[in-house]
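Quick note, the sequences are listed as chains Z and W, same order.
At position 311 of the first sequence the residue is numbered 311 (the numbering used here), and the sequence of numbers has no breaks.
All you need for the numbering used here is the position in the second sequence, starting with 1, plus 1000.
Keep in mind that the hints were calculated from the coordinates and are not lab data.
Just so you know, not all the hints are guaranteed correct.
[Stated by the list, open to error] Listed below are several chain W residues computed to face chain Z (Cβ distance under 8 Å; list not exhaustive):
| # | residue |
| --- | --- |
| 1 | Thr1105 |
| 2 | Tyr1369 |
| 3 | Ser1373 |
| 4 | Lys1394 |
| 5 | Ile1413 |
| 6 | Gly1417 |
[Claimed, not checked] Away from chain W, derived, C-beta distances all over 10 Å, residues of chain Z:
| # | residue |
| --- | --- |
| 7 | Ala31 |
| 8 | Asn65 |
| 9 | Ser83 |
| 10 | Ala165 |
| 11 | Pro279 |
| 12 | Ala300 |
| 13 | Ala305 |
| 14 | Gln393 |
| 15 | Gln418 |
Beta carbons are placed, not taken as given, at the ideal position from N, Cα and C, and that holds for glycine.
Number of protein chains: 2
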Amino acid sequence: MEQKTDIYLYVENICRAAKEASRAYGATSTAKKNALLCTMADQLMADVADILAANQRDLDAAEENGVPKAMMDRLKLDEKRLSGICDALREVAALPDPIGSGERTVRPNGLVIQHVRAPLGCVAIIYEARPNVTVDAAALCLKTGNAVVLRGGKEAVHSGTALVASMKKALVDNGFSPDLIGFIAQTDRAGANALMDMRRYVDVLMPRGGKGLIRAVVENARVPVIETGAGNCHLYVDETADLDMAVKVAVNAKCSRPSVCNAIETLLVHKAVAPAFLPMMAEAMAKWNVEYRCDEAACAILPSAKPASDEDWDTEYNDYILTVGVVDSIDAAIDHITRYTTGHSEAIVTRSIENANAFRARVDAAAVYVNASTRFTDGGEFGFGAEIGISTQKLHARGPMGLMALTTDKYLIDGDGQVR
Amino acid sequence: MEQKTDIYLYVENICRAAKEASRAYGATSTAKKNALLCTMADQLMADVADILAANQRDLDAAEENGVPKAMMDRLKLDEKRLSGICDALREVAALPDPIGSGERTVRPNGLVIQHVRAPLGCVAIIYEARPNVTVDAAALCLKTGNAVVLRGGKEAVHSGTALVASMKKALVDNGFSPDLIGFIAQTDRAGANALMDMRRYVDVLMPRGGKGLIRAVVENARVPVIETGAGNCHLYVDETADLDMAVKVAVNAKCSRPSVCNAIETLLVHKAVAPAFLPMMAEAMAKWNVEYRCDEAACAILPSAKPASDEDWDTEYNDYILTVGVVDSIDAAIDHITRYTTGHSEAIVTRSIENANAFRARVDAAAVYVNASTRFTDGGEFGFGAEIGISTQKLHARGPMGLMALTTDKYLIDGDGQVR
């Protein structure tokens, strides 16, 4: 047997304690879980000074290490942001609790089978340097009767430690085990690797972050994983499209927030409308200085464009860059999408019922849009009230994941001595 | 890049073809899918001579290789058995089709979100030398709009090849691609390993078989996996139990079919009733010559018993062997179950509402029984009409898996130009 390293043992202890604490916690009433979440919000506000001081340490270190501006912004807490995080906590408390609900059937032999939602047990999350995720993820897991083990980005380690210390106070004040929230303050790669190996204690691991992290987790994890967030999304402008609508949707899908996974990376347009549409679109996108990487036909229409490489079609830029292709038919558009989609969100603008139906049936993605922007793929926009991530895999949950994704099935069977 | 072996390329070709065929097939109407399944049943009966001849080759080889009697029996086909397999196929055709059904919501901005069930795409199954599974699994996958890749036990390779050839005829006669059913006739371990690596083409892999196979798949697979079938199941006889009922349930759960995963391996009994209950149970089980492996207290009551080793409590015997323990309380029973359960099926016999509720809430298993035998954990007994396996994992599906387990989520969003 291999010798376990200190980091491995540290992670194992946190996961074991969380899993053990989850057993008693899973049966907690909805009222008590909601009261806990509200206490957590109050406690976080009471600890605002400690939390902001810890956050300042992270910001100082980040500045020293030349962390990019966008990351600095996500890392920064102030009283208003913390207050917003606490409001979100209270909103989770107000959501309906899925645990225990389900369907009841009676079998011919008199057995009563209740198919109910049950907590998963211990949920682990690896995420980036975003203090708000520390609180959001803990809230969603606790709401659904789960323990949580958090491993955030190293740039936010002091903020995370302070936030978790405050939430643990609320756990203890409500008579629960502080181990229900595990926090891995050891941010070496070895800590993440140990977490991926905790089959005895971790019921599911959700990586939230860049491509590299997600690939590493999928390749190496021995615990069950839900993949999230890869979004190479397309918009196809059909020959029957309302071109004004298509411009509006394209601008929104590309330019409203290019850094997120539900923004589009590629625009495909039918050859019959490309000469009219592309200049309209370019004019509308002019103020964002969008860079176009085009196939030959699109290059001929958009004079400022660069030719797209093979790799461009396969890249999630998360930036003001758009690959543009002209296609001969909806079939060619669907074939292109089938080849390059990450299965996140795909859209068509069309006035043809036939083409809308073909797109819906044959495009294999979590969310398929007809005449709307891909930017709506989001738990809040879908009406789930909260979101733990957007699944781009097919098993368990696909698309935006709300509270239901944090539950499993349980069959409760009652009899009066039935045998088979 | 590593050189791909011939076996790898062979498996890759089958999986790629199945995945490609699945794209067009996924949108097939329920009526056409049902007609296909009925044609398959007719075709199999028309090919009965070829199929039984192929089966005889398997049986001859098995006899030569000294394959155990029980496996020989599962391997054997005759006209009556084939007719039963075809009846099951027609029953699958008659089941409701989950694909396309779902919930519709309208968002405040007018977006219509339809959350529907969609095919997974390409489903791979590794299973034992059981010809009936070749047809059952294909039927369930095709019913739900999926392609299937089958890799059965090597002892049944001729039977499987003949059954698949017949089913492919029915596919072609109905205007579908024969690639919708892939059959891996290469039964080396390398074939299974290649299948576990097909992330591009295989959407889910279900191993059905012994512990060794399932562990190998879970440890090595890079494709998504659903674990099935591990069943270290317990029955706890509470101090308030109706002892006659408890005997009836224990006998059924242990002796009616010990080779299956929903049979019990361990009986726990409260110390207050153990002296009365255990002799009653032993008398009722006498005709099966059940071997008892007991803790100290149970050994004192059952004079013929052997002491149980640590390993015994952790073993799924699938045989007429029962570990027996005497516990001081329901808490001790739940703690024991928590330590050793594989999360399949657990039962209590009790007259106490309080104890029934504690057992239901705190035992973490797919199926939790109060006053009934664990033997009911089965898709047919649960009213699902068919079963592709019994999941002992928490993600995606847990417990008996019917047609729903072969589907994924898809969100269809219709707008009239909404942007965010």
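Okay, the hints, checked on the actual structure:
| no. | hint | in the structure |
| --- | --- | --- |
| 1 | Thr1105 | 6 Å, holds |
| 2 | Tyr1369 | 5 Å, holds |
| 3 | Ser1373 | 5 Å, holds |
| 4 | Lys1394 | 4 Å, holds |
| 5 | Ile1413 | 5 Å, holds |
| 6 | Gly1417 | 4 Å, holds |
| 7 | Ala31 | 16 Å, holds |
| 8 | Asn65 | 34 Å, holds |
| 9 | Ser83 | 25 Å, holds |
| 10 | Ala165 | 29 Å, holds |
| 11 | Pro279 | 20 Å, holds |
| 12 | Ala300 | 28 Å, holds |
| 13 | Ala305 | 24 Å, holds |
| 14 | Gln393 | 7 Å, violated |
| 15 | Gln418 | 4 Å, violated |
Consistency note: the structure conflicts with the earlier hints numbered 14, 15.
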